[in-house]
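Letter by letter, the chains look like this.
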Amino acid sequence: MCGVGGVVRADRDEPVADGALRRMAAALRHRGPDGYGLARGAGVGLVSTRLAIVDLVGGWQPMQARPGGPVLVYNGEVYNHLELAADLRREGVHLRTGTDTEVVLRLLERRGLEALPLLNGQFALAWWEPGPRRLTLVRDRFGVRPLHHALTAGGDLVFGSEPGALFASGEVSPAPDLHGLDDVFTTWGARAPRTVFRDVSQVRPGHAVVWQAGRVVHDAAWWSPDVGSRTDPAHQPLEPLLRDSVRLRLRADVDVGAYLSGGLDSSLLTALALQESDRPLRTFSVAFDDPRYDESPWQQQVAAALGTVHHVLRVGPSDIADGFRETVVHAATPLVRTAPVPMRLLARSAREHGITVVATGEGADELFLGYDVFKEVLARRRSVEHPAHAAALDALYPHLADRARGPGWRRALSAAGDAADPLFSHQPRAVATHAVTGALYREDVRQELDGVGSLDRLRAQLPLAFDGWDDVERATWLELTTLLEPYLLAAQGDRASMAHGVEGRYPFLDHRVFEHAMGLPRAERLSASADKVALRRLATRLLPPEVAARPKQPYRAPEVLPFFGVDAPAWVADALSPAALEATGVFDGQRAQGLVRRCRDGRVQGQREAMALVSVLSTQVWFEEHCGPGRVRHDEETSRPRVVLDLDETAWEVSA
Amino acid sequence: MTSTSRTGSVVDQMRTFVEENFLYLRPEVVLGDGDDLLALGLIDSMGFVELVEQVQSRFGVQVDDAEITEANFGSLAAMGAFVARHGQE
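Protein chains in written order, with numbering that gives the first Met the number 0: chain P, 0 to 655; chain U, 0 to 88.
All clues stand as given, with none of them false.
Looking from chain P toward chain U, a few residues come up when the C-beta cut is under 7 Å (computed):
(1) Gly407
(2) Arg410
(3) Ala438
These are calculated hints, taken from the structure and not from any lab test.
Backbone N, C-alpha and C define an ideal beta-carbon position, used for all residues, glycine too.
Chain P on its own, in the form it takes in the complex:
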């Protein structure tokens, strides 16, 4: 796990300044705190910061197999690298290290982009071919690892794991992208290739972007999630597949831990990890002071039943308030929820306990239909087609108070969006997210958006197959592409854990597990009485029965109280003042005071206003720290690089 970055010039005679690369290294140091490396050549500079997990001695980057040959900077892990290395050796390839980096480099050299489907893992990479002066940027199937890039007016390409690296280079200036922000305030994250920064793009998950001669010459998928596939899963049952995915993800030369939420998915992974590992497993959990959010009794039960060495991080409102700014800085985007804050604090706790790799359960709810949105869309469709069934909507979300599920609730579920809308499944959430926040936009922001909302743009980007999918398949695709990658794996995932140099690993996001899940009969995932049916069946053999049967509890953290309680930090009131809001220029300073007043008076109980508060406050922090005149600026990395490649050398000196 690492950070990568670089600059490639359209004009090879224009040098890339050493200082720019060292500033990029400094901006990515949190992702790779164990050291960094550089590669420099005519009109090209690459940088890598490393979190050492595999081959602690030999795995430094940038990596090159031979003088004058292609160069790789690589962030992430390919878990089947031992098997791929064995294949390469059989083909006569001599490998110098035990790293997955070298395996990927040699595979790319031999097979080009056709090598990508062989890789089982989570990675983002940049591959520089000196001969054709071609840079290829690649991102893993589900977009676990980030990769951002910007094309300058002169045709140079600047890239980096995080946008901060691009800005640190001095080649790209940060400015808000209003459509990217509107994505956040509608579906919780900017959808790739768009970002919240103007003229900064992300490589889309499962895509490769190729730059050559001053322009992007290729931007296409090498893998895409086929949620409508109908393969027969009988030839490969779930358990050995999931077991193998866990086994591969325990591969590391450091100890691996696990996040334990107390729910089905993380508990199941922990049980499998214990069986597949010969080392004691340490588990980490967030516990909340507020019982509405707390799952610690379940966590303790699972940890005790499985015998893990369990660590609990207790989080209260003041922890959320104190940790908010740094979380937003690392996320590099406004947030609609505070939930990423405890996840960052949990990563910090894991790091303090000496754990730099954690297995975690993301993906299971998308693959095995655990999220409420799947049950919800089926109930909403029934209520549209058979209005007599509208009362079924009241049975959704049993954890909410009865009164909260009154007429407003039924209206929100039944009236949100046209039944013929391809985004029918996601309208209630999008409407709830955008209702208050969107109403607070400044008039000039509204004009610049020109009536084109985030969902309008999403409708225009749907895959051709979308029309042929049913409600659940559509909702699955939308969850994967509009929530999992842009938010859960990003602000709440990679950016939260890599803030402290901790790598999350996601056994459910093994593409083989995904393809298996998509091939299951629907009733094996969602029946009239249960969700995640196949997973629960497996869990009954490995977990206490009440854990295997436990309904999902959405992971959330307190949203209003941390910023308006007695311990609220002073900067909050300043950031929400009319003058500060006007200076940022996204929200109407006066209008937002109505929301601030209701938060201060303790009146806000609903999701819409809570999300609006977090959206407005995080936008203020994000703008100040990333776009404003006082934004974060990185000094040059001054320590010695662990490796420096001279890309203009055609022969390596051999030292004794």
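Got chain P sorted already, so can you dock chain U onto it with the hints?
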């Protein structure tokens, strides 16, 4: 107080409450007595609960869960009529 004047008082008080708490989002809206508060997008399900709580605490009316309907709380006029009906019981 007559039923009519009590209804008027309820409507005026609830108008002030809605204006202070929900119209910050839509300051251009001039709220009519019969306007559908949910359809206007001014309140959500929790906002609806706030209306019920306000009616209970301001006017001393006990509201059963079964009475939490749009017919009773969906507009200022509906709330006025609801309180008036309870006053007659």
